[in-house]
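Those sequence lines, one after another, are chains C and F.
Count along the first sequence from 1, add 1098, and you get the number used in the working numbering.
Count along the second sequence from 1, add 58, and you get the number used in the working numbering.
The set of hints was computed from the structure by calculation and includes no laboratory data.
For glycine and all other residues, C-beta sits at the position ideal for the given N, C-alpha and C.
Possibly wrong hints are sitting among the right ones.
[As the list claims (entries may be wrong)] So these bits of chain C aren't anywhere near chain F, every CB distance computed over 10 Å:
(1) L1125
(2) L1149
(3) A1223
(4) P1241
(5) L1242
[To be verified] Straight-line C-alpha distance at most 20 Å; calculated SDA-like pairs for lysine to any residue:
(6) C:K1219 <-> F:Q330
(7) C:K1219 <-> C:L1135
(8) C:K1219 <-> F:K407
(9) C:K1219 <-> F:L105
(10) C:K1219 <-> F:E366
(11) F:K407 <-> F:T260
(12) C:K1219 <-> F:T96
(13) C:K1219 <-> F:R133
(14) F:K407 <-> F:S351
(15) F:K235 <-> F:Q330
(16) F:K235 <-> F:K268
(17) C:K1219 <-> F:A219
(18) C:K1219 <-> F:A189
(19) F:K268 <-> F:T156
(20) C:K1219 <-> F:R107
(21) C:K1219 <-> F:S150
(22) C:K1219 <-> F:E305
(23) F:K235 <-> F:A189
(24) C:K1219 <-> F:P147
(25) C:K1219 <-> F:R135
(26) F:K407 <-> F:K268
(27) C:K1219 <-> F:G193
(28) C:K1219 <-> F:K268
(29) C:K1219 <-> F:T156
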Amino acid sequence: MAWLGPEEWQAVALSLRVALVATAASLPLGLFTAYALARWRFPGREILNGLVHLPLILPPVVTGYLLLLTLGPTAPIGAVLESLGLGVAFRWTGAALAAAVMAFPLMVRAIRLSIEAVDPKLEQAAATLGASRMRVYFTVTLPLTLPGIVAGAVLAFAKAMGEFGATITFVSNIPGQTRTLPSAIYAFLQVPGGEASALRLVAVSVFVAMAALALSEWLARRAARRVQGA
Amino acid sequence: MSLSVSLRHVLPGIALDVAFEAPPGVTALFGPSGSGKTTVLNAVAGLYRPDMAHIAVNGDVLCDTRTGTWLPPHRRRLGVVFQEGRLFPHLSVEGNLTYGLRVRRESPDPTEFARVVAMLGIGALLARRPAALSGGERQRVAIGRALLARPRLMLLDEPLAALDAARKTEILPYLEKIRDAAGVPMLYVSHSASEVARLATTVVVIEAGKVVRTGPAAAVLGDPALAPAGDRQVGAILTAVVVAHHEDGLTEIDAGGTRLLLAGLDTGAGTQVRVRIAAHDVILSLEEPRGLSALNTLPGRVTALHPEAGAGVVVALDTPAGPLLARITRRSVDRLGLAPGTSCHAVLKTVAIAPEDIGQGV
C-alpha cells in the first residue's frame, strides 16, 4: 500500500487492530450473553436485553460520554484502572472498548438468532447420552451455531472498523493513539488539501468492508455445509 | 432390571397419575395418542421435573420429589430413542454412534461397536451424514447410538411411528434382536398393537393419564374387554414354533399341536415365533367349512361375547392353538346363535397375517 501516506497507513493499521481486538475480546461474552438470552428464563432477562441493545438505539455520542463518565481518568472506576496501569481513556484500548460496546448488540443478535434455530430436542438427546450441560454446549449447540457466530463476528468487526461517534467522544482523536480510520477521514476533511488523503481512506474503507462481507459469506456457507452435511 | 415408577403430573389437558412396576424384559406403555405415555417416558428420562414422583431403576432412585432427590438426565445412564431419531446433523453416522462414550470419556470397545453395527446393519453408512439417510436408516442409527452408550435401560418413544409399514417391518427384527441377544431391558411407548404384540413381555395400558391394566402381553392384548386403542387393534397372540418352509412360499408353524400356514416368514425351522391374529381377520363358521380359499381352520368353543358400541361383537374362543378373538357383527352372532359354549370353527386367511404381526423369539 505504497500509495498511502504514513499518517494514513497509521490510521488504517490502528483501525484494523482496534476492530480485531474489539471483536475477539467481546466474542466470549457475546456467546454467553446470546445463550443466556436465547435459552434461560431468569428475572431481569428483559433488562439485560435492553442494556445489550442500548448502544444500538442511543446516539453514539451519548454512549461515548457515558463511557467517559464511568471509565474516564477522573471517574471512580477509571481512576482505579488508571492507578493499576490499566487505564483506557485516550488510549487505543479505549478505542477498542468503545468499538466493542457499539458492536456488541449486532454480534449478540446474530448469535442469538442462530442459537434459537437449534432444536432444543437435539440438546435433550445429547443429555440423555451422558453429556453435561457444558458438554452439550460445546459438542452440539456451538457447532450448530457456527454460521451465526461467524456472521455475528464479521458484522461486529465491520461495525468496529466504522465506529466514530462513541470513539471520538471517549478517547478523542490522537494521531497514532486513537485516530482510527473514520476519525482520520474526519480530520483530513477539516484541513485544506486533505481531500485526497480522505478519498484514499474511503477507498480502503470500502475495500475492507467488501472483503469482510465476502469472507463471512464464504465462511458461513462452509459452516452451513458442514452442519447440514449435504 | 426392574423399573419402578410412581408419578403425578398435571399438564394442560391431562392429569397424569400412574404407578407401575416393570419387570425385566420389554415393558410396553400402550394406549391411544394423547394418553400421557410419552410424558411418563420423559419423566423416567429426566427431561422435565414432575410435580410428584418416585422413579427408581434397580433400586437406584432417579427422582424422588419427597426427598428432593434428582438425578440430571446425563447421569441416569438410560438410552433414549426418540420418535424423530434426533441424530446430530453435524456429525457423521459414526460420530453419532460414538457420541455417548465420547462425552463420558469412556474407552470404546471395538468388538462391541462392530457387534452393534453388524446387528443393526449400518456398517455401510458410517461415513454418511444423517441428512443422507432414509427414515429407516436414521432410526436404526438412533437405536445404535442409544445402545452404544451402554445404558442400563432403553427408553423407546414410538420409534416406528414416523415410518411407513415397510420400514416398520424392516426395523422390528432389530429390536427383537436387541431384546433377545443384547438382553437390554426396554420401556417401549407405542399405540400400535402389532408392535407391542411382537416386542413386549409386559404391557401397561394407559388411558387419559391413568393405568387401566398391567399384565403379560398375551393376556392384556387378548382381552376383548379392553379393546385398548381403537377396535382394529384387538387381537390374540399365539406362540408357535416354525416347522417347515414349503416351496410355494408358505411357512408351516406349530401352535399347541395345531399346524397353521403363514406367508412371508424367513426364519429357520425350530424358531419360536409370536403371531398376532387381529380379531377382524377371523371368520367364524358353525360347520367345518369346505370349498374355501382360506388355508387355516381351527376348531374351537366360544368362551365369551363382548358387544362393542357399534354393530360389532368380539367373540372369545378357546382353540387347541390357544385363545383366539374374532370380531363379527351382532347380526352374525344372532344368525349363528353363538353363545358361551357353542362349538364352531375359526377360519384364518393366511395372507391376512401381515409380516409386521409375526415376531421372533419369546
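Consistency of the hints with the structure:
1. L1125: Label holds. Min Cβ-Cβ 20 Å, cutoff 10 Å.
2. L1149: holds, 31 Å
3. A1223: Violated, since 4 Å does not exceed 10 Å.
4. P1241: Violated, since 5 Å does not exceed 10 Å.
5. L1242: violated, 6 Å
6. C:K1219 <-> F:Q330: violated, 38 Å
7. C:K1219 <-> C:L1135: It holds: about 18 Å lies between the C-alpha atoms, which stays within 20 Å.
8. C:K1219 <-> F:K407: Violated: K1219 (chain C) and K407 (chain F) sit about 44 Å apart, past 20 Å.
9. C:K1219 <-> F:L105: Distance ~10 Å between K1219 (chain C) and L105 (chain F) Cα, so the pair holds.
10. C:K1219 <-> F:E366: violated, 41 Å
11. F:K407 <-> F:T260: violated, 28 Å
12. C:K1219 <-> F:T96: holds, 14 Å
13. C:K1219 <-> F:R133: OK: K1219 (chain C) and R133 (chain F) at ~18 Å, within 20 Å.
14. F:K407 <-> F:S351: holds, 8 Å
15. F:K235 <-> F:Q330: With Cα atoms ~13 Å apart, K235 (chain F) and Q330 (chain F) stay inside 20 Å; holds.
16. F:K235 <-> F:K268: This hinted pair is violated, its Cα atoms lying about 31 Å apart.
17. C:K1219 <-> F:A219: holds, 17 Å
18. C:K1219 <-> F:A189: holds, 17 Å
19. F:K268 <-> F:T156: It is violated: about 38 Å lies between the C-alpha atoms, which goes past 20 Å.
20. C:K1219 <-> F:R107: holds, 16 Å
21. C:K1219 <-> F:S150: holds, 18 Å
22. C:K1219 <-> F:E305: violated, 49 Å
23. F:K235 <-> F:A189: Answer violated: K235 (chain F) to A189 (chain F) is near 26 Å, above 20 Å.
24. C:K1219 <-> F:P147: holds, 12 Å
25. C:K1219 <-> F:R135: Given pair K1219 (chain C), R135 (chain F) holds - Cα atoms ~18 Å apart, limit 20 Å.
26. F:K407 <-> F:K268: Judged against 20 Å, a Cα distance of about 36 Å means the pair is violated.
27. C:K1219 <-> F:G193: Status holds; Cα separation ~18 Å.
28. C:K1219 <-> F:K268: violated, 26 Å
29. C:K1219 <-> F:T156: Since the Cα atoms of K1219 (chain C) and T156 (chain F) sit roughly 19 Å apart, the hinted pair holds (cutoff 20 Å).
Of the hints listed earlier, those the structure fails to meet are numbers 3, 4, 5, 6, 8, 10, 11, 16, 19, 22, 23, 26, 28, in rising order.
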